[in-house]
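There are 2 protein chains.
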Amino acid sequence: MTKSTIGIGLIGLGVIGGQVAKVLTERADMLSQQAGAKIELRKIKVLPADMDKPIARSFNESLFTTDDDEFFSDPDIDIIIELIGGEKPAYNYIKRALDGRKHVVTANKEVIAKHGLDLMNFAASQGVSLYFEASVGGGIPLINPLQQDLRANNIKGIHAIINGTTNYILTRMSIDGIDFDIALKQAQILGYAEANPNNDIEGIDAVYKLAIMASLAFQYRVKPEDIYHEGISNLDARDFKYAKELGYAIKLLAIALQYDNMIEVRVHPVFIRENTFLANVNGVFNAVSIDGDLVGHVIFSGEGAGPKATSSAVTADVLRACKDVLTSAISKGINLSTQKSLKPISQITTRYYMRLNILDSSGVLASIARVLGQHDISISSVIQKETDDLSKTAEIVIMTHPATSQSVDEAIKELDNLDVVKKIDNIIRVEEL
Amino acid sequence: MTKSTIGIGLIGLGVIGGQVAKVLTERADMLSQQAGAKIELRKIKVLPADMDKPIARSFNESLFTTDDDEFFSDPDIDIIIELIGGEKPAYNYIKRALDGRKHVVTANKEVIAKHGLDLMNFAASQGVSLYFEASVGGGIPLINPLQQDLRANNIKGIHAIINGTTNYILTRMSIDGIDFDIALKQAQILGYAEANPNNDIEGIDAVYKLAIMASLAFQYRVKPEDIYHEGISNLDARDFKYAKELGYAIKLLAIALQYDNMIEVRVHPVFIRENTFLANVNGVFNAVSIDGDLVGHVIFSGEGAGPKATSSAVTADVLRACKDVLTSAISKGINLSTQKSLKPISQITTRYYMRLNILDSSGVLASIARVLGQHDISISSVIQKETDDLSKTAEIVIMTHPATSQSVDEAIKELDNLDVVKKIDNIIRVEEL
Numbered sequence: 003m004t005k006s007t008i009g010i011g012l013i014g015l016g017v018i019g020g021q022v023a024k025v026l027t028e029r030a031d032m033l034s035q036q037a038g039a040k041i042e043l044r045k046i047k048v049l050p051a052d053m054d055k056p057i058a059r060s061f062n063e064s065l066f067t068t069d070d071d072e073f074f075s076d077p078d079i080d081i082i083i084e085l086i087g088g089e090k091p092a093y094n095y096i097k098r099a100l101d102g103r104k105h106v107v108t109a110n111k112e113v114i115a116k117h118g119l120d121l122m123n124f125a126a127s128q129g130v131s132l133y134f135e136a137s138v139g140g141g142i143p144l145i146n147p148l149q150q151d152l153r154a155n156n157i158k159g160i161h162a163i164i165n166g167t168t169n170y171i172l173t174r175m176s177i178d179g180i181d182f183d184i185a186l187k188q189a190q191i192l193g194y195a196e197a198n199p200n201n202d203i204e205g206i207d208a209v210y211k212l213a214i215m216a217s218l219a220f221q222y223r224v225k226p227e228d229i230y231h232e233g234i235s236n237l238d239a240r241d242f243k244y245a246k247e248l249g250y251a252i253k254l255l256a257i258a259l260q261y262d263n264m265i266e267v268r269v270h271p272v273f274i275r276e277n278t279f280l281a282n283v284n285g286v287f288n289a290v291s292i293d294g295d296l297v298g299h300v301i302f303s304g305e306g307a308g309p310k311a312t313s314s315a316v317t318a319d320v321l322r323a324c325k326d327v328l329t330s331a332i333s334k335g336i337n338l339s340t341q342k343s344l345k346p347i348s349q350i351t352t353r354y355y356m357r358l359n360i361l362d363s364s365g366v367l368a369s370i371a372r373v374l375g376q377h378d379i380s381i382s383s384v385i386q387k388e389t390d391d392l393s394k395t396a397e398i399v400i401m402t403h404p405a406t407s408q409s410v411d412e413a414i415k416e417l418d419n420l421d422v423v424k425k426i427d428n429i430i431r432v433e434e435l
Numbered sequence: 003m004t005k006s007t008i009g010i011g012l013i014g015l016g017v018i019g020g021q022v023a024k025v026l027t028e029r030a031d032m033l034s035q036q037a038g039a040k041i042e043l044r045k046i047k048v049l050p051a052d053m054d055k056p057i058a059r060s061f062n063e064s065l066f067t068t069d070d071d072e073f074f075s076d077p078d079i080d081i082i083i084e085l086i087g088g089e090k091p092a093y094n095y096i097k098r099a100l101d102g103r104k105h106v107v108t109a110n111k112e113v114i115a116k117h118g119l120d121l122m123n124f125a126a127s128q129g130v131s132l133y134f135e136a137s138v139g140g141g142i143p144l145i146n147p148l149q150q151d152l153r154a155n156n157i158k159g160i161h162a163i164i165n166g167t168t169n170y171i172l173t174r175m176s177i178d179g180i181d182f183d184i185a186l187k188q189a190q191i192l193g194y195a196e197a198n199p200n201n202d203i204e205g206i207d208a209v210y211k212l213a214i215m216a217s218l219a220f221q222y223r224v225k226p227e228d229i230y231h232e233g234i235s236n237l238d239a240r241d242f243k244y245a246k247e248l249g250y251a252i253k254l255l256a257i258a259l260q261y262d263n264m265i266e267v268r269v270h271p272v273f274i275r276e277n278t279f280l281a282n283v284n285g286v287f288n289a290v291s292i293d294g295d296l297v298g299h300v301i302f303s304g305e306g307a308g309p310k311a312t313s314s315a316v317t318a319d320v321l322r323a324c325k326d327v328l329t330s331a332i333s334k335g336i337n338l339s340t341q342k343s344l345k346p347i348s349q350i351t352t353r354y355y356m357r358l359n360i361l362d363s364s365g366v367l368a369s370i371a372r373v374l375g376q377h378d379i380s381i382s383s384v385i386q387k388e389t390d391d392l393s394k395t396a397e398i399v400i401m402t403h404p405a406t407s408q409s410v411d412e413a414i415k416e417l418d419n420l421d422v423v424k425k426i427d428n429i430i431r432v433e434e435l
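As given, the protein sequences belong to chains G and S, one line each in that order.
Going by this note's numbering, the first sequence opens with residue 3, and the numbers climb by one from there.
Going by this note's numbering, the second sequence opens with residue 3, and the numbers climb by one from there.
Simulated from the structure, these hints should not be mistaken for lab results.
Please note: incorrect hints may appear among the correct ones.
A pair holds if it fits inside one copy or across any two, identical chains being indistinguishable in the list.
Claimed, not checked - With a Cα cut of at most 25 angstroms, we get these calculated DSS-like pairs of lysine-lysine:
| hint | residue 1 | residue 2 |
| --- | --- | --- |
| 1 | K158 | K342 |
| 2 | K24 | K158 |
| 3 | K334 | K5 |
Input sequences plus hints: build the corresponding full structure.
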């Protein structure tokens, strides 16, 4: 028997939840036609406080429930959409929904980054599906391409600008020549950064998204805590000035590479050549470059956040889940590779940009070069920048050839102990795309 | 009963067919694991001449057949892949496969552009699926995003660089300052253009691809013959020189727009601002920008052709068809909108670049401006370029404000009759992205 109505339950009535509820109701006819069955938003599970929101008035009051048991045990709900964000209680809700054999659609990057593979396997064992396109890159298709369109490929690498807040801040710092604190303030005023911006500026948000993409791309359990990360708060207007002079842009990149059964995953600021595509992705835009052994480099770009863009991805997932409901498709779990292992950050090799404050006297460069040389770090170029006559110090910028993280850490420690080095101002990796 | 083996039949052993056969055999384990059933390439339908190709030696001879009846009636073939290209006999093969209730995967842009909607509906009536991701943009996911990821959106527009041959030629003309004929020769030597390059340089190839994308995006039957098109062979090194001076790039764009229930579809060279994303897509790369009312602008980019990239898309489609085989998914036809209509090219409004050779004497500009003004074309800027003292002629470049195609055609005819206008060198639309 083919179902004629597919019931949807929604958890959460925040900005994303409200927008999704709007799309599901306002576009019900168009979506139902596409699904081949009537799609009906049956219940919205809310907190009592949600009922006072202006958005609540757009919906019939009978849609709302604060009663978990009523919501999860409604036999007419086939698909549950989770849009409250954060790990708990969202994780428990998703688990409970799958346990009750409901298909689940979520935009929750934290839950998927931490528990996605287990939840996918649990969904499969329950005979239902779990979709999470909106967890990475807002409305930009990324999860579905990794799970479907590119799956004949061995994925060699992912390079991603995947956090709009930090990309906005970096764009402002680059274009306006302003310092980090001021750029962050601007982002907060415009609503691009939260009052507590730590998750974004420290790279945690990008870590979650990279964990999700890398796990799918490499069929390997990449946990958030496996991903080395640095934030952007140490960047200085001077770094942008020098980057520009040298022909580079500074971006916060999420990078995942696979070679020789080794996996390399990291999130940190990088110098990338200004003529590359990613260097020119500005403002709150996201862009992900995926390198497959058959397809070559494929780029996906667009607005990475916002309620409308996110509702596009959530609704597409709902339609996919509808197809599963109608065809009783048997969802498959994910088969993880056991051959691969993670490369420790200490062994990862890149070029480096180093900005140092040194004593402006003869022989200083020679001492620095000697220390670097002892750690197998060879110098590609050195430029002496501003000199301060009063303090007799100078700022120098060193670009190195490829060196391991470990060598650089050790060299930096040693340099810091040299009397002639006043301060290590910044050390930033240089990535060749 | 769940099928344990899914049989594949392949039509064609050209460069694409050979590569797909390689992927299906060399990656059989990985693909089978992903499909959840053994994927087996059972038969390759070839022409007798194919058997002499070096690629033929890579496969067991028993795989090959030249017998249509044997091929199409093999009960163990569930999915047929068509990779011979061209309208006939490919169309008949696809029809016959669907008629025999085989799922079909094809990379054939001509067949899909001309018959895609009917074939999709026929497939649905037969209870099987028709997939054609590789028909547009090689390995770049475009069809599946339009059919799945973006379908909660009302699509407002598509702007696409969708033909690698012409984009390569335009890139060479722009960077090297060379003329069209030389750039075409270079493209032919490098294998980026065919011996008979007409389909590419006249925009026919782009027309097919735009017809496919626009039909899906707008749920409207956009036929290839509905699409206005101009090729690139009239472009001159001078146009590129002036474009650069004015801050523009010249690209062959495929454009589809939808507004007020009107649909606008066209393929022609355009001036686009040099700081836009599409202006910086160079060489054989393709890029498609899709504007959805929820998702905003999403960009998909990558290599748009080549056997490996194409095999990535074909294989993804095979895996989708496998899921349909296993779930007995009922394919849906496409519901076409009856509310919409095509806007005639004469009514389409854009800005224009005009390059004219005129008599170098006083009052000439005034006469030209008068003619344009009589046709409601207002001038945004005029630059007098090279002057030839001997012939007493000068070259001028006019940038206009938005005007309809019809006004411009009429004005040009009138200008051409002016004694002071020696030659209309070129007229190119200017597109604001």
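Hints versus structure:
For the identical chains of this complex, K158 and K342 are intra-copy neighbours only, at 13 angstroms inside a copy versus 44 angstroms across copies, given an alpha-carbon limit of 25 angstroms. Taking the closest pair of Cα atoms, K24 and K158 come within 25 angstroms of each other only across two copies (20 angstroms); inside a single copy the shortest separation is 39 angstroms, beyond that limit. For the homomeric pair K334 and K5, the shortest alpha-carbon distances inside one copy (22 angstroms) and between copies (15 angstroms) are both at most 25 angstroms.
Consistency note: the structure conflicts with none of the earlier hints.
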